Amino acid sequence: MAEPYIIYGSENSPYSIKVRSYAIYKNIPHKWVVKSMETQEEYQKVAKLPLVPAVRIPGTGKGMQDSTPIMEYFDKEFPNSASAHPSDKTLRFISELLEEFGDEWGNKWMFLYRWRRRPVD
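Reading the sequence shown from the start, the letters are residues 449 to 569 in the numbering used here.
Simulated from the structure, these hints should not be mistaken for laboratory data.
All values reported here derive from a predicted model rather than from experimental measurement.
Idealized CB from N, CA, C, for every residue including glycine.
Mixed in with the good hints, there may be bad ones.
Computed beta-carbon distance windows for the label pairs [claimed, not checked]:
no., residue 1, residue 2, range
1, LYS479, ILE542, 29 to 35 Å
2, TRP553, LEU499, 17 to 23 Å
3, SER469, ILE542, 29 to 35 Å
4, PRO452, LEU560, 33 to 39 Å
5, ARG566, PHE526, 41 to 47 Å
6, GLN488, PRO534, 36 to 42 Å
Let the sequences and hints guide you as you build the complete structure.
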């Protein structure tokens, strides 16, 4: 089996879950590593910023961060598996626009509904 991609992330990070889900969807060999104090040293070898997700690229030791560029990289490296975006140019534009909207604005709703709840009596 080929060396797997190492995905450093957190269960609480929607972007980490997005990358892990995409790796599963594309059937990419990977290992999920929860970023913690125990994994901090190996995480810092691939991360430029203290953010998740981070992916270690097999055979290079290099890393990537930011979910959308990671998914685009996976599409280029694994072109024979399904993509999140349609091949038609117009539909692809709409798909990428919705993905960008979800990344940049959908998370605002997530944070609102995660922490702005009325206390239970």
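- prompt: In ascending order, which of the hints set out earlier in this document are inconsistent with the structure?
  reply: Number 3 only.
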